[in-house]
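There are 2 protein chains.
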Amino acid sequence: MLRVGIVGVGTVGASVARILIENSDIISARSGKKIVPVLGIVRDASKNRGVVIPLSTNVDDVLENDEIDVVVELMGGVDRAFAVIKKALKNGKSVVTANKALLAYHRYELQESAVGVSIGFEASVAGGIPIIKALREGLSANHINSIKGIMNGTCNFILTKMMREKVDFQTVLKEAQALGYAEADPTFDVGGFDAAHKLLILASIAYGIDAKPEDILIEGIESISIEDILFAQEFGYSIKHLTIAKKNNDGTVELRVHPSLIPNSQMIAKVDGVMNAISVVGDRVGESMYYGAGAGGDATASAVIADLIDIARDGQNSPMLGFKKTLETQSLALMNSDEIITKYYIRMKVIDKIGVLASIATILGKHAISIDSFLQKADTHNKNYATLLFSTHICREKDIQDALIELKELPFSVQKPVMIRIED
Amino acid sequence: MLRVGIVGVGTVGASVARILIENSDIISARSGKKIVPVLGIVRDASKNRGVVIPLSTNVDDVLENDEIDVVVELMGGVDRAFAVIKKALKNGKSVVTANKALLAYHRYELQESAVGVSIGFEASVAGGIPIIKALREGLSANHINSIKGIMNGTCNFILTKMMREKVDFQTVLKEAQALGYAEADPTFDVGGFDAAHKLLILASIAYGIDAKPEDILIEGIESISIEDILFAQEFGYSIKHLTIAKKNNDGTVELRVHPSLIPNSQMIAKVDGVMNAISVVGDRVGESMYYGAGAGGDATASAVIADLIDIARDGQNSPMLGFKKTLETQSLALMNSDEIITKYYIRMKVIDKIGVLASIATILGKHAISIDSFLQKADTHNKNYATLLFSTHICREKDIQDALIELKELPFSVQKPVMIRIED
Numbered sequence: 001m002l003r004v005g006i007v008g009v010g011t012v013g014a015s016v017a018r019i020l021i022e023n024s025d026i027i028s029a030r031s032g033k034k035i036v037p038v039l040g041i042v043r044d045a046s047k048n049r050g051v052v053i054p055l056s057t058n059v060d061d062v063l064e065n066d067e068i069d070v071v072v073e074l075m076g077g078v079d080r081a082f083a084v085i086k087k088a089l090k091n092g093k094s095v096v097t098a099n100k101a102l103l104a105y106h107r108y109e110l111q112e113s114a115v116g117v118s119i120g121f122e123a124s125v126a127g128g129i130p131i132i133k134a135l136r137e138g139l140s141a142n143h144i145n146s147i148k149g150i151m152n153g154t155c156n157f158i159l160t161k162m163m164r165e166k167v168d169f170q171t172v173l174k175e176a177q178a179l180g181y182a183e184a185d186p187t188f189d190v191g192g193f194d195a196a197h198k199l200l201i202l203a204s205i206a207y208g209i210d211a212k213p214e215d216i217l218i219e220g221i222e223s224i225s226i227e228d229i230l231f232a233q234e235f236g237y238s239i240k241h242l243t244i245a246k247k248n249n250d251g252t253v254e255l256r257v258h259p260s261l262i263p264n265s266q267m268i269a270k271v272d273g274v275m276n277a278i279s280v281v282g283d284r285v286g287e288s289m290y291y292g293a294g295a296g297g298d299a300t301a302s303a304v305i306a307d308l309i310d311i312a313r314d315g316q317n318s319p320m321l322g323f324k325k326t327l328e329t330q331s332l333a334l335m336n337s338d339e340i341i342t343k344y345y346i347r348m349k350v351i352d353k354i355g356v357l358a359s360i361a362t363i364l365g366k367h368a369i370s371i372d373s374f375l376q377k378a379d380t381h382n383k384n385y386a387t388l389l390f391s392t393h394i395c396r397e398k399d400i401q402d403a404l405i406e407l408k409e410l411p412f413s414v415q416k417p418v419m420i421r422i423e424d
Numbered sequence: 001m002l003r004v005g006i007v008g009v010g011t012v013g014a015s016v017a018r019i020l021i022e023n024s025d026i027i028s029a030r031s032g033k034k035i036v037p038v039l040g041i042v043r044d045a046s047k048n049r050g051v052v053i054p055l056s057t058n059v060d061d062v063l064e065n066d067e068i069d070v071v072v073e074l075m076g077g078v079d080r081a082f083a084v085i086k087k088a089l090k091n092g093k094s095v096v097t098a099n100k101a102l103l104a105y106h107r108y109e110l111q112e113s114a115v116g117v118s119i120g121f122e123a124s125v126a127g128g129i130p131i132i133k134a135l136r137e138g139l140s141a142n143h144i145n146s147i148k149g150i151m152n153g154t155c156n157f158i159l160t161k162m163m164r165e166k167v168d169f170q171t172v173l174k175e176a177q178a179l180g181y182a183e184a185d186p187t188f189d190v191g192g193f194d195a196a197h198k199l200l201i202l203a204s205i206a207y208g209i210d211a212k213p214e215d216i217l218i219e220g221i222e223s224i225s226i227e228d229i230l231f232a233q234e235f236g237y238s239i240k241h242l243t244i245a246k247k248n249n250d251g252t253v254e255l256r257v258h259p260s261l262i263p264n265s266q267m268i269a270k271v272d273g274v275m276n277a278i279s280v281v282g283d284r285v286g287e288s289m290y291y292g293a294g295a296g297g298d299a300t301a302s303a304v305i306a307d308l309i310d311i312a313r314d315g316q317n318s319p320m321l322g323f324k325k326t327l328e329t330q331s332l333a334l335m336n337s338d339e340i341i342t343k344y345y346i347r348m349k350v351i352d353k354i355g356v357l358a359s360i361a362t363i364l365g366k367h368a369i370s371i372d373s374f375l376q377k378a379d380t381h382n383k384n385y386a387t388l389l390f391s392t393h394i395c396r397e398k399d400i401q402d403a404l405i406e407l408k409e410l411p412f413s414v415q416k417p418v419m420i421r422i423e424d
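Line by line, the protein sequences are chains L and A. Residues 1 to 424 (the numbering used here) make up the first sequence, in order. Residues 1 to 424 (the numbering used here) make up the second sequence, in order.
In case anyone wonders, no lab produced these hints; they're calculated from the structure. Heads up, a few of these hints could be off.
It does not matter which identical chain is meant; a pair holds if it fits inside one copy or across any two.
[Stated by the list, open to error] DSSO-like mimics (lysine-lysine), calculated; alpha carbons at most 30 Å apart, straight line: (1) Lys247 - Lys33; (2) Lys247 - Lys34; (3) Lys377 - Lys90; (4) Lys349 - Lys398; (5) Lys343 - Lys47; (6) Lys86 - Lys33; (7) Lys47 - Lys353; (8) Lys270 - Lys343.
Keep in mind it's a predicted model, so treat the numbers as computed, not measured.
Work the whole structure out from these sequences, hints included.
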């Protein structure tokens, strides 16, 4: 028997307790023993959570309890959760966590602290998709060339709606909030931070990189407009919010999170609505893609319980993060974002007069940027304005950023130019 | 150090040896030890295989060799391979195999024989997709509601070409043979047998069912025509060769392999060319889908080596087939194919005269089958003939089969009717 304490009995915690009880037939058949939720820790014990397990408000009732083998941490937040997990590990308990923010900052310290016990965190990235296991074990014979993921359901729901119905960002955001797909303060999701946390976790498993959120390029979807959607559709692209990890020939790894134009022919361009998907290219296996629900109580709980079953099966044998940190095993360094090489799409709103195009072309030429396709649209609200949409051949991020500053300062530019990277 | 003997050094075996050597950096970082291919067994030692490992023609040089920890079986065939693996297990060696035909018949005997050693078989189903691990471990908290897979690259290549270019089966088959995507005798692939072997392996992990190929419904793609493709496109479907495992409310499981009409909106309908994909619905996690290369030396070798790394990480803890056979754990029985309930599409070629439709409708009505959509096309070759294409509402397989016999015997029917099941 494996006895489990659940710290934090919200939506996911309640699902974990319920599924452990309701699916106990298949869970014990697969793990070879019973897995029993014995105690839940909550802040307010009087609230009805629809679970039948005993509750306490004192976390030490789990952490100091010799009858409990595994601590499931679902309280969220960074500092207090970190303290709880460290105490659990110190007391000889294995830990299963869904806490991506904690892992984005402290995953290597946790790996070091887990001596003789396991830490499972499949639920921290795209709950309904066993991507951690796929990367850490299924593709373990491969050097990973790249990971491209749609890892935030809120962003994908909004972008899918915008593409299908040609409605602007703010309108769809309100709808997403009404449906419960976006929070009242949506910044964490639509600003790209949630996806960035997940990318950092996967990048550790693929590359052993110990980057933090503030080390990498993170952009959200707030500035995507209907014009961008129309341009994308005109040229056979979808706009998706992508997390990208890519190994370059010089041995550096680029990590970035931003909206991207992707050709419609790619499988990942076909992933719509709140669904998540992660495309991984290994040097031997080629491309594989993993698709499923990224959030939701039961999908996340399914991943938590898969980790519990692994622990019940006599421990997780593979190292928590696949292998140790960079320095000790491989020599992969995080690439400076300035060095990104890709294609770009740029949207500008300008006063429609002679000489505009020549000025823009001069700036682009100066920064060694050449244009691939170009579209000009009259502004529907003000006939003196025009919208210019263009994509570039491959060039350097630094050059684009420098050019964008100059483009913004052109006297006829009436709005900050918007840039979206293109992933071919 | 984990020392490996490879029995059968063809395309996959040579890839295994090469990747173990070329990717030894990442493989030892992930597994915590070196994995070394020490000997390969071949029938003809004089043939150049482009591998640097020593070769022998005597399989006992591996099986009776105390220096070898794991036997990789890549010889193919059923009986001899079975004997080789049993001897390896008896001699205390773990085994990794890609042999789906062997597993389709003897997987439970192998599970019984593996005492204190492991058997890895990730490479036996869709090499480039870690689906065995996903089902056995990643989704282990779930009762599996259904598995729908595109598991034969040859079939998917042919059907994709037929859909895109409106070319008939025989023409595309020849092209596939020229490209090396189909064998000179293509029956094993296009007849559905290869996919059936894979389905039986997955069905054991999901349901603990010990069915053999001859117990289940297996149909190939040989009778799909351009008319079927056109009907599918007219009504928003793709035609895919699907392997289906589905648990019914009465606790039985249906296992079947056949071409299917699938709505274009489903993710699995978007999987084209030689690629494989498997959609799994769990009772808690909902749908997840796994996409990648199904064949190829390096993709298959990648799966073989993932199993070796699991073994190097101190053994595979999860039971070989997820859990034991049906009787001992769950009470799932294989459903009789007659009881399948689904929608059907039927194509008939008839002499175009008054009363034809009435006769057909009478037969269908007698068998409680009602028509959903209907299309009649004039025959381009013979103006006296017409092609009738129609789909039904849901009905019973037995009723359709009985009706098909009567439809075939109608005096104005000039060709055996073709039936394709619809998976909504």
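Hints the structure fails to honour: 3, 5, 7
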